[in-house]
Amino acid sequence: MSLAECRSAGALEVKFVPDEDVLRHIADDAGIKVQKGKNQLIANPKRFVKKLEAISDDEAQEVLEEKSYVAVLGVCGEESMTNGSSVGGGEVYTFQTPKRSNKMAELASELAQTPGQSAVPDPSKCPEKTAKTPQSSKRSSSSQVQQKTKKNEFVSTTPYRLRKRLAAPDAQLESESEYSASCSEEEEGEEAQKEVSTVLSHQKTPAKTKAVSTPPSRKTLTKKKDNMNDLVEEYFEAHSSSKVLTSDRTLQKLRRKRLNQQTLHDLLQKSPLAYAAEIKELNQQYESLFSKWMLQLHLGFNIVLYGLGSKHDLLEKFRTSMLQDCVHLVVNGYFPSITVKSVLNSITEEVLDHIGTFRSPLDQLEFIMKRFKEDSSLELYVLIHNLDSQMLRGERSQQILAQLSSLPSIYLIASIDHINAPLMWDQAKQSLYNWLWYETTTFSPYVEETSYENSLLVQQSGSLALSSLTHVLRSLTPNARGIFRLLAQYQLENKDNASYPGACLLFPHLFGMALLAQSQWHWHSVQVTS
Amino acid sequence: MSTRSLSKGCFVFKPSPKKRKVSRTTAYYFREGSSDLEDSELRFATCQSLQKQVKSETEQIEEELNEQLFDNLVSFLRRSHSAFQEKKTEWTCRTKSREIPTAALVLGVNVTDHDFTFRSLSEVLQNNVTPYIALLEAKDCPGIKNLMQKLLGQLMNCCIDVDSSEEEDYEHVSRSRVRCSMTTLINWYESATKRTDSETPGKKRTSSRHWQSPPVVVIFKDMESFTTKVLQDFVVISSQHIGEFPLVLIFGIATSPMIIHSLLPHSVSSLLCIELFQSLSCKDHLSTIIDKILLTTQFPLKLSEKVLQVLINIFLYHDFSVQNFIKGFQLCIVEHFHSNPLSVLCCQLEEAKRRVNSLSHNQCENVRRLPSFRRYVESQVSEKQIALLTVDSSLKEAVQKLLEDLNVYHENYFPILRCLHVFTSSLPKYPLGKQIRELHCACLENRVWETEEYESSLQLARMLNKSDLVTMLQKCVEILVSSPGREFDEIVEKLKEFLTQFQKLEEAYQERDESISPQKELQKKTNLYHLQKTLLELKESRRSKKLTKFEMLRFEVVDYIDSLVRHYLVPADHKTLHEIVYFNTASVLREHLNAAPRIALHTALNNPYSYLKSEALKSDGGSISNKAPDICIAYKLHLECGRLINLADWLEAFSTVVTAAEGPTADAASSDQVDDVIHARFIRAVSELELLGFIKPSKQKTDHVARLTWGGC
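Heads up: the sequence lines are chains P and Y, in that order.
According to our numbering, the stretch in the first sequence is residues 1 to 530, in order.
According to our numbering, the stretch in the second sequence is residues 1 to 713, in order.
Isolated chain Y (complex conformation):
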């Protein structure tokens, strides 16, 4: 069956049921598309398990991050609810006050993440507070009628969910037939609560989980996109009935809380009793995710500097969306396991060692082809070299050892990185970056101690005052003690020794009289810039002078930290077998996540040679060969025009170029035939340009089209 038709645009293809096989699994496609068939099943399984692990981990992190916010919300609900219960007893209060308790939830601009937040919020509320929750989105509610319909539908459905099976027939009124009004809602609420009240003994567990006469929570997911009319109407209507059932609104806000007042006039907003809640900013969110997922040894897959940079840039410059960041990371996982046959070894150490033993010969060859492994082989003595290159078993042995080394390297790397971050994050102007991710990138990129920034941060660290230095050292000790690395006992000892020395120094100071105090005084009052300046001056003048004890000690500490950095923070690509655990094809990631369709079009039109590798198209710079495809020539010609393009001129120019390209023979036989063909080609090129959005028909002048883009030559 063809999909070309003049009468319809949608075609459904259904394979006949007996022909329909068991649909192919994802694993099948993984194997099919994989560049190398080695161990593809195992790789796929590892990939899947890792993805699941990452997913659950991120979800857990998010839950933890939201916990505080949700606790606050629940206590707010409790407060507003208790007010309702009091009111219920007092008739006077009930008639007087019409304010609806409202929580304004400021969530930030990363709209795509909100979905998850709301889902877990409604889960939390459902479990602890009330079964009656309605989540409303602007796109479902163009009018108040739709809103009420949606609201009732969700509420009545959730009611069924709670006291399931037995009363199905009772609630099975088609919701489209229910008249959607506030009265229906109230009636429904009364009957629903009465039911749960009356059957207390049997249904104890449901009602105990929720509160007495649970509130109805209506969540507006994206408050900004609701039309003002709908919101106003809803607030006004429901405020009329607030005395009859406990309603609580939650507004999800992406911009600022001011939006409530700009959306709702005073008369309406005065009906709301608004309390503000702020969620964690997405930047902090990202830092936590990076901290817990990338900067641990928990997950075997690591990201190289470029890849991480791409992901972070997409986050910072495009969407602020943590979900997208995680999606990017998931894509990295798939790509890594899909493209790299050796990724089968990218798992926990014990498992990896086991897998090394069962590597096939081909896989061993793959190992031998790794550049980092080659470097390693070259550094060995010749007999060892031969053994590594020819005997599989000795290779496997070496690989096991190297993998272990790599693991140890990571175990040491992250704690030391954190220690360094403790130092650099408190320096003025943050030469190595404020966030640990920046420091991580710097360390991955190349030897961090060779960079200028590192040099300057050491300079600054040598000027730290004592109390800062002591707290930093204490922090470092904490980090190192809590980390699982094996070699840290020694380092911890050393740091503790520094701490006691500082302690002693203090005691010694107190005994001494304060002869140098005026200078100290001076330093304390000036700002950091002046401090640095004066200190530098002092340093100049004091070159010959003897350093004080404190200064000596400080130098010692900084030097020690420096030595730690040089020892442990070697960039990963200097390590043998880093290709196995590091995903480093950033270009793939960029192409698929952050594509530039306009640039692709631009390149194709201006420089067809970059796609069509034909000698005839080769040209330099910005010009174009006259043998280029028709659309390129038409495009190039139209670039020379202003807002309007004369089609006749365009055609003339086009045919000039095309006939010239076809050579003098065509010129000689310039019959109508040739002209028509060129004419047709021109028409095709122009209509293609129209489809691409470069031009559009114009009525301003006969036979003219309007240009829609500018520049781009």
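Chain P on its own, in the form it takes in the complex:
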């Protein structure tokens, strides 16, 4: 434990953002200090809770019941889902908890340093290493390695011990205190060296509370209670200040040019898809379900697919292999300007060959329902990619789609991706949809779904819309172009005027108006000349 050692430890990580790292180094220790103070604070209410617990065994029973419920419902089939599925709902996405600002870099370096690709050839050992020892043991100095690993271990396991200690204050007291004493000694040594910077970093880093890795499977009753309590504190801690501490670096400073859609696409084409074989295997597994889906569709159920990865290709495959001989409708929910009206329109116009307009989508829906009820030979398969997309997730659209899908001769198969997608449906809609859920985790990239220039980092060129616009504009006659220009000018002038009724008119509308005006003008001119 000396200055030299500390330096060499720093030197070990110089290759990755040295300044940050030194700060981190100190910050860790500071974090621990703060945390220790907090522990003692928490310990008191804990005991109080303990007493309460003894009084009300009702509550405990409730927890037990809940547990058995989770055991019945939460833990899924043993065959398809393994480890993670034992996660109860509450643990998956909970409240906000405070995070340290440079935690991400830390994890990144940790992940990056995991052996498993270069140093250690033994594959059976590597997973263990990934988790436990985030240091590659290249150094010869044994004492240093020892210190290093010790420190790391301390960092990554603190929250565990914190919880354990809270759960059983007496049992572990002795060993615990011994351990932390040795650590604080170490800290003191270091602190003496870098007092000033500690003070600085102290303010910068709020207490560290979250473990780098907490396997969610290990859970006991008491621990659950602890979690609850921690959660409450963490929640308020996280919401105590509205300021968010993040670094001020921007992408510009990285001197990375913004990519546009085309180059992005090209680049991604070049890089090979990881785990293609495994993904293919997964897909084959799902493809074997196709005829079962057809059966269940025919029996009056509708099918919804969920899980990570694009389901576009899977559904497309389903379409080409099963639906070739049937009338079917494909709806790209991710298409930026799709509306439920266009879905209904394509059913009435193209499937039912109806010419005419409707006053409202409800009328249109009624018409469709009537036609399908009258003519039992009519059958329609509807495939919706991304039923939960921005444009379709509205209450009214979902209501209409649900009513459509409740028709016995309309078979709906849809995919959802958003984590909160099921919130779109209340009981009534859900029973109209009559879903059967199928998990189809494909891990395929969402190529189609993210291709419509709505991504965060892609240069917002608008070139797509612009090029299509110029295309249409060119096809107009000079007169119509002039009218369109007038209209557009008027539109732009009034765009901030709240009372202007046409504030939300879109380009297509304007085009339509321009064309209409032109044709009328044309008619007029014909009359004049004759």
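Accuracy of the hints is not assured; some may be wrong.
[As the list claims (entries may be wrong)] Computed list of lysine to aspartate or glutamate pairs in DMTMM-like fashion (alpha-carbon distance at most 20 Å, straight line):
1) 55(Y) x 405(Y)
2) 306(Y) x 591(Y)
3) 699(Y) x 248(P)
4) 429(Y) x 455(Y)
5) 317(P) x 32(Y)
6) 613(Y) x 375(P)
7) 8(Y) x 375(P)
8) 613(Y) x 287(P)
9) 55(Y) x 115(Y)
10) 327(Y) x 426(P)
11) 14(Y) x 349(P)
12) 429(P) x 222(Y)
13) 14(Y) x 395(P)
14) 341(P) x 675(Y)
15) 466(Y) x 438(Y)
16) 139(Y) x 375(P)
17) 429(P) x 140(Y)
18) 575(Y) x 675(Y)
19) 139(Y) x 353(P)
20) 370(P) x 137(Y)
21) 618(Y) x 278(P)
22) 575(Y) x 405(Y)
23) 373(P) x 468(Y)
24) 14(Y) x 287(P)
25) 270(P) x 468(Y)
26) 327(Y) x 591(Y)
27) 306(Y) x 405(Y)
28) 229(Y) x 140(Y)
29) 280(P) x 448(P)
30) 14(Y) x 379(P)
31) 429(P) x 405(Y)
32) 504(Y) x 468(Y)
Please keep in mind that the hints were generated in silico from the structure rather than gathered at the bench.
Use these hints to put chain Y onto chain P, whose structure you have.
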């Protein structure tokens, strides 16, 4: 034709008419997807018939359950209607009173079931009371105009339905062109009633079915979802005209009747003359369904404990919807017949026996593979074993016999279960559950007599008083007499004997003087807990003492019941061939009905190894290998951030991980090329996370995104 386009999002595909074949039947898909091709047609037919049977049965049950409620409603209509007819004659009454008769129908929170109730209600009314019924839903009526339009449309259409053919041209005014106002409604009503009145002789049957000047019934299916304005306007407007035509409102209410007063101000609600009706609670409804469908021998398919538990849990914890429960049961039927080739034998006994004879060799092999059948074979003598395993005909014979056994087992099981339920449902604290379904689950799960709960309930049963015991025994006798089981004569005899013994005991008591009465007195006044305590004490102290006659008899009764339970309530999975009639893959049901999409996402992101079986991804605990798919790494990194995420940091971290994963060679050649690829991969991962709803763009700080989820490491 491709479905990728920049200009439209909907694509219709129509096969050319001559290419269009006769569309494939459901049976075709049943066969295609089936795991085993054996007897698939027969299986499908059995499945369909069973489904139909279940459907009609449930509908009938529901009708029976609703009968009482509908009777009440009809009599309410009659009363309000007679009031109208009286009023009609008296001009003064007519101008004075403006109250609309209203029935508030409290239906409970299981909104999905209401549809069926309303449909049968309108059917009942249509058949017995009035042809003029309008069913309104909130989603169709955003404004009073739409409501009136909908109302008129439904009323005028139903009018056509009644006196059909001949006057089609008369009513064929497009309803959108009719001005939708109350006056139109009244005019229409007058002309409609006049018409039916005038042509009395010809149209006698329609008018006799309905009442004189039938009321107009307007049903608001989901009153809570209507906007207050619409409801208020409608009530006020129609109250102006109540004297001119008989209007009755029915509000369907899911929460509590108080909602009427919170939705409508006093001035409006005073225009209504409300009467309250309560439908049967959904829990009772479910109990009846379980009782009539699952706890009978009528339907060959049975549910195993786990499956039933899943269905009941979905009901209790999620929706209270009986319809969904039935839907789940229907899914069980399909799954069972679809996945199990031997389910062809899952039908009525005689039919099953016939089918056994025509089993193919493959099917026989399937039988031999059943674990329960293997156990059975092992218990046989060796010659028999060989015969069963090699000769198909002897196997078929055995299967027939076993199926018969299984049938007998079920015939005995349910009545005895009911008898046991009679006992356990009256014990304090219900150690074996209050509902018969809980008892059923307990019995299916394992040997019920080995459980602690059973032990304690026997203890409690040994402390029952005489009058309770006697009534229970009588109930048991009733159950057993009415059930078709063959072996029950003996049991009934025995129970009756117990009853007469109790009778005698009573007579004997009356002769004796009441020496132990003070003790009895004491027991009567205390509550059950103290009773139990004192009795236990008494038991301790009286260990050596001689039991009274009554106590002896009581012990005997309880022991007898215990022996019945041990004999008849053996769990089904101890029975040979139970796989044929029991559906037991609960996981399938849970996956399809009660899926957890968030957990699936969470698992995929945190532990990709559970899906992608690649060695490189293998890791323990909560950590993740750095070779994981890009989205997993980006996700894992973003978990370490607070509310806002700096994209630059994120990219930096991401590229650190990814370059490390690619090995030192990539490091050495860290050209712009590589960087761009990583950059692109990062962009893809981030936009995928955005699509999944983990982050969203933020304007708070440059190059930052906001996080939308918490926890989940």
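Hints versus structure:
1. 55(Y) x 405(Y): Since the Cα atoms of residue 55(Y) and residue 405(Y) sit roughly 28 Å apart, the hinted pair is violated (cutoff 20 Å).
2. 306(Y) x 591(Y): Satisfied, since the Cα-Cα distance of roughly 13 Å is no more than 20 Å.
3. 699(Y) x 248(P): holds, 14 Å
4. 429(Y) x 455(Y): The given pair, whose Cα atoms are some 14 Å apart, holds under the 20 Å limit.
5. 317(P) x 32(Y): holds, 17 Å
6. 613(Y) x 375(P): violated, 49 Å
7. 8(Y) x 375(P): The hint is violated at about 29 Å.
8. 613(Y) x 287(P): Since the Cα atoms of residue 613(Y) and residue 287(P) sit roughly 18 Å apart, the hinted pair holds (cutoff 20 Å).
9. 55(Y) x 115(Y): The given pair, whose Cα atoms are some 16 Å apart, holds under the 20 Å limit.
10. 327(Y) x 426(P): Judged against 20 Å, a Cα distance of about 17 Å means the pair holds.
11. 14(Y) x 349(P): Roughly 12 Å between the alpha carbons, so the hint for residue 14(Y) and residue 349(P) holds.
12. 429(P) x 222(Y): holds, 14 Å
13. 14(Y) x 395(P): violated, 30 Å
14. 341(P) x 675(Y): The given pair, whose Cα atoms are some 44 Å apart, is violated under the 20 Å limit.
15. 466(Y) x 438(Y): Violated - the C-alpha atoms of residue 438(Y) and residue 466(Y) are around 26 Å apart, more than 20 Å.
16. 139(Y) x 375(P): violated, 26 Å
17. 429(P) x 140(Y): holds, 14 Å
18. 575(Y) x 675(Y): The given pair, whose Cα atoms are some 66 Å apart, is violated under the 20 Å limit.
19. 139(Y) x 353(P): Violated, at roughly 27 Å.
20. 370(P) x 137(Y): holds, 18 Å
21. 618(Y) x 278(P): holds, 13 Å
22. 575(Y) x 405(Y): holds, 9 Å
23. 373(P) x 468(Y): violated, 57 Å
24. 14(Y) x 287(P): Cα-Cα ~23 Å, so violated.
25. 270(P) x 468(Y): violated, 82 Å
26. 327(Y) x 591(Y): holds, 15 Å
27. 306(Y) x 405(Y): It is violated: about 24 Å lies between the C-alpha atoms, which goes past 20 Å.
28. 229(Y) x 140(Y): holds, 15 Å
29. 280(P) x 448(P): Measuring from Cα to Cα gives roughly 18 Å; hence the hint holds.
30. 14(Y) x 379(P): holds, 11 Å
31. 429(P) x 405(Y): violated, 45 Å
32. 504(Y) x 468(Y): holds, 16 Å
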